Amino acid sequence: MNNQLLKVGLGSCGIAAGAQDVYNYLSSDIDKNNYPGLDLGKTSCIGLCFAEPIVEFHEGDKRIVYGNVDIKLAEKILKGISTGVLPEENRILEEKGEGKRVAADDNIVKYTGRQVKLALKNCGIIDPESIEEYTARGGYKALEKAVNSMQMQEIIDVMKESGLKGRGGAGFLTGQKWEFLLRAKGDKKYLVCNADEGDPGAFMDRAILEGDPHVVIEGMIIAAKATGAYKGYIYCRAEYPLAVKRLHKAIADAKEKNFLGEKILGSDFSFDIIVKEGAGAFVCGEETALIMSIQGGRGMPNLRPPFPAESGIHQSPTNINNVETYANVPGIILNGPESFNKYKSGNSTGTKVFALAGKVKRVGLVEVPMGLTIREVVEEIGGGSSTGLPLKAVQMGGPAGGCIPESMFDTPINYDSINATGAIMGSGGLIVMDASSCMVDVARYFLQFTQNESCGKCTFCRIGTKRMLEILERITTGSGTIKDIDMLEELANHVRKTSLCGLGQLAPNPVLTTLKYFRDEYLAHVNDKKCPAGVCRSLIEIKIDPDKCTGCTLCARVCPVNAIAGERKMTHVIDSGICTRCGMCIQKCKFDAIYRI
Amino acid sequence: MKTELDEAKKETAQCSCSEDEESLYSGLDVVIDGFIGVPGALIPVLQSTQNIFGYLPEKALKHISERMKIPYSEVTGVVTFYSYFSTVPRGKHIIRVCLGTSCYVRGGKEVLEAIQKKLSIPVGGTTVDKMFSLEVGRCFGACGLAPTISIDGEVYKRVKPTKIGEIIEPFYAEAEANAGADREEV
Ligand SMILES: Cc1cc2nc3c(=O)[nH]c(=O)nc-3n(C[C@H](O)[C@H](O)[C@H](O)COP(=O)(O)O)c2cc1C
Ligand code: FES
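Chains as they are written, first to last, in my numbering: chain A, 120 to 716; chain F, 4 to 189.
Just chain F, with the same shape it has in the complex (with noise of 0.2 Å):
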């Protein structure tokens, strides 16, 4: 876990000054500007934050509070309060284990410990190459086929702990041949 955080605050530390930051910044403040007035705009400020950032940097959670004078502590309450926010950069890929009850009761938290297992993090984590991170997810609305997982949103059914491995290894192909790709380009 501290690993964990410690790669966060170097990410962030990394990219303070970067071009690429400033117009992610300069979205932000886009963002902001079309609340102005609205009340109860702190959340839905948030939520765009993070599609932004992929996550919540301290830093622009600093921004938003002054920009939008609301005080910094609320600012953090806020985003501590809500589990879709992170204050951590998330994996490329999101791993979501749905432990909804009917998922549950057909053995969802076996899939949970396999895929611990296989990408030894834990709920909550990021992998060390950043590919994966694991999440706990309550009812996808497909309790038909339980138990179910879903990466990036869509949804895998009737997922057996053994067979994790076939659904993961496609990701890493993927971001291999894409590497491969690149490689040949330069």
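Bound conformation, chain A alone (with noise of 0.2 Å):
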């Protein structure tokens, strides 16, 4: 009997879609009905988010993968596994032995097709609670190169050889970051994981946490031995529990085998790692406030200098990376720099994994080489529009970053092009609009984000952000004037440049690129008091065609405010002046006969 083994991928987004249920139906089915030699494991996200729930089914070196997996079709499979005849639908990918691989499905080949994976080389493939299956696949290798045969200094030249920036935003070389710290004084230094993933879309940092947290733990290992550190921090979201309890399970593990600790594999060595949890403040994220948040009071930034290599955590010296720059680390020191910078383009190298989401029809988790342009990444990846409607701009780096026009779409992803169109690279969040996306809207809901997480600590950013938003809702709500917009303009570059921290100096980027790229839809809400895209109640109305109208009444029933009137089988009307443009009708109407103008 050749062994077989049935794998549930149990990432956030499986869970949400049901993986859960499909994984508790496999395991009472299997307990019950004997199958001899078939085991049932469990994975995380893969990426593939569109597809999820996914099951994989695998018997010697071949390999099935199954999309939209619900208990019917987890119900067929299990039969197909005694009959030896397996379901034919909803295969996604198969891979047939001897390294042949054939992606039955057309929307996996273009989506996997041009994603190399580095930092996500393990995420949805291996069990992220087996340590084993880690170091099955070349785990800890990286970390007994870098104890037994290693120099710090000989680390830290790798990493800068490798070209890897920080993936957490602000894009320095982590290699250089490394020796600041090895090279200030003080016997006890810090490390610090940042998981805090605060842009409100993105969700790159959480699956690699929760589906290969072995690799953040190693590499952070590592930046300790070329550093010097003593001790690491992981600051993780509290809205991440699944990411924690993973964290937890596996620095256990490590410690078991002696890859943390004391002494680490015999060395002289040591290290240790606490998983801090975060309270919820955005403005944590940012590494003097996070500082002040591990230290246990309020997480209020500072101002630099000095900077966290001079004085961090206990005004000891300290570096902060990103997580996914540390799930970088132990690919470039085991394979060598080249492995990385071979992906190269303008001043950045490597990959980026980017959250996909947005109106894109293939949603998921994406890593891309650098050099690949934003077209690439939307339309042959992410399939285009999930709409149908055209596709207006996508947004990168969420409250801190910008929105970049389709027009320039075939900007390549790099550091240095994105930074250069207004938007940042920011820490993987790409979000994708559409023509009914109204970037007036889009503006005002990012600063509502900042001006809300704002801690209040400088002026500026306290009450200059409440003053721009005051000025976006004017004019989203069509009282605002042609002088609001100018007003908005100018405040935004003084919060720009007078801001403490972070947080303010990149509050107003998705104020400004709108303002850039947009102006006309601005323009269209003061002058024409009109929102082209239809988004802006106030300025809106919604409207029966009476064409189309068939007198059904479920829009008159759905209506929460009884705005709609009308005898059955008779046209009905809607009363503007109740209307509060709630969109209910909309959804409801089967025959398309509301429409907003």
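Keep in mind the hints are simulated off the structure, nothing from the lab.
Just so it is clear, the structure is predicted and the values come from calculations on it, not from any experiment.
All the pointers check out, no bait thrown in.
Okay, the calculated beta carbon distance ranges per label pair: (1) F/P125 to A/E273: 55 to 63 Å; (2) A/P360 to F/R70: 23 to 31 Å; (3) A/E273 to F/I154: 48 to 56 Å.
Dumping the calculated BS3-like pairs for lysine-lysine here, alpha-carbon to alpha-carbon at most 30 Å: (4) F/K163 to A/K667; (5) F/K120 to A/K662; (6) A/K649 to F/K163; (7) A/K307 to A/K264; (8) A/K709 to F/K121; (9) A/K649 to A/K480; (10) A/K667 to F/K166; (11) A/K649 to A/K585; (12) A/K198 to F/K160; (13) A/K576 to F/K72; (14) F/K166 to A/K688; (15) A/K648 to F/K120; (16) A/K350 to F/K72; (17) A/K264 to A/K364; (18) F/K160 to A/K240; (19) A/K480 to F/K163; (20) F/K163 to A/K707; (21) A/K709 to F/K163; (22) A/K376 to A/K350; (23) F/K160 to A/K195; (24) F/K163 to A/K191; (25) A/K191 to F/K166; (26) F/K112 to A/K585; (27) F/K120 to A/K707; (28) A/K576 to F/K65; (29) A/K480 to F/K112; (30) F/K133 to F/K112; (31) A/K260 to A/K364; (32) A/K662 to F/K112; (33) F/K160 to A/K236; (34) F/K160 to A/K229; (35) F/K95 to A/K364; (36) F/K120 to A/K585.
Where is the CB? At the ideal position from N, CA and C, for every residue including glycine.
Two chains, two separate frames, one set of hints: put the complex together.
The following block contains the structure:
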């Protein structure tokens, strides 16, 4: 009997799509009906969020991956295992042995074709709670190499040569940061892994922590070996309970195997890692605020210099890196800097992970080499618009980033070229917007977010963003004037230049980029009192087309404010004075008879 | 909002001498003892306290301040800074509506409005019957299934404003059934 294995993807997205039910079903049925030689396993997010829940069948070197699996299909798969004929439907990927790989689904060919998995190489492949599966794929080999045969400076030189830049947003050369820590004076040095993932539309770091916690831990231990740090903290967002749980398990397992703790691998190097849970404050992603929060206080940022490398946690030298940054370290150390910097575009090397989402067909976690264009990511990998409406822009970098218009989609992805557009590479949020997204409203959305998260320490950020938000609210509700637009722009530039920390300095980005590329939309709001995308409620009306209305009464029944009147089988009408433009009737109408103008 | 605070005060006043409460406080002491000598312990202690009590009652905060020898002003300073902490009791079930970018551009705001209307509470509020509290979240990592909400941590995908009733009703039905079972037992 060949050993057979069924694996279910149990990352956050899979669970939300129903993977836990599928797993529970499989596990109870396998218990009940004894399948000899069949094991049930789990893994995490493989990045194909649009095809979740995903179940993989392995037998020897054969592998069949099923997408969109529900209980019914799970039942068929089990039946197929006992009869030897597996179901044909929903196969998204097949490997027929001897390395032959056949993607059964065209979507997957396009989705995976241009991707290069370095940071995500184990995500969705291994069971994140099994250190054995991690070591079986070369895990902790890089640490062994670093501990047994590399000097501190040598490790740093390799990191510098790889060209890896911090993936948390600012893009500072990682090797150089480590060198600062190595040279810093002090006998207690700290490392921090920034897992606060503040961008409200991004989930790259979470997917790595949930899918491959050991790679981050190994990266940190190597960083400690290179810099002489004696203690590390992983500062994880409070909303990531699964990631926290898996980190705790991974740390305990790594200690048991002596990859972490006292006298690592028999050397005289010791290092410990502590997981700290955040408590919900965006500003704590900023490094000086993060340090305050780790020390147990309010997460208020401080003026730099002194930089954390001189004076960080408890005034001791501290180095902070992002989750994805650390996740790239073991690969670079083990396979050499060329394995990373062979992917090169402009001043950037390696790959970048993006959470591709919004109005795009194939949503998911993608890792692409530097130099791919935005268009290639959105149209080839993402499959273009999910709504059929033309695409308008992508938003990169979340509340600190900006919107890049469709006309610039041929921009290659690297730090310089993205910064030149006015957006930032950011930590990896990539939200696609189509013609039904109002860019003024998007700017307002992000500003509301940063305004809300402003810690209040410096005046320009606290009051400046508030005034900017008020202006945007005026514009989106129809009482804005042309003078408002000028004032908004002026204020945005002041806030950018004078705020104390990155939160305030970057908060104007969404406003400035939309003003730069979508000024006509602002003008339509203030001059014509129209929202071209049909989003801003005060500027639109909802109407019923008498030619299409059949008088089915559905809309009248769903209207929460009773604004729709009409007899059965007669044309209905909306009372504009009562209507709140919530759009529920549009969703409910089966005849496309209701529209916004 | 005011009524809610009043309710909260009533609730703390009500249970100030129950036996249950004593065991909660001894649980809290165990937590505090576990952090003796650990730097930066205030936030984890507060997190555990909120898990024990469901929220952070004033009395517990004063207790923490005394036991940990941290000025009360500093304790409340930290509590009010982080959105995770709540100083009013919350409902039995926590509904969080995702307003991450992806959910926002796919209609999360409409979902939020529909829930506010259905439950007649603002964001941060709790229903009078203490069944539901409403909060806003940012990205549950399920952007592919936007717009999403979560109830007690379980994510609901592709939520339609018109379907809110169907999601919420089962919770009332369940409460009703439990109440019925209790009555029968009596
Ligand atoms: C307001 C603000 C929020 C930030 N949020 C994060 C975050 O969530 N995750 C992160 O890795 N970096 C974040 N950063 C960047 C960090 O301050 C820091 O630059 C980064 O963690 C350094 O790691 P890296 O060199 O590996 O990129 C944020 C910066 C600012 C100004
Ligand atoms: S934005 Fe809502 S789940 Fe990501």
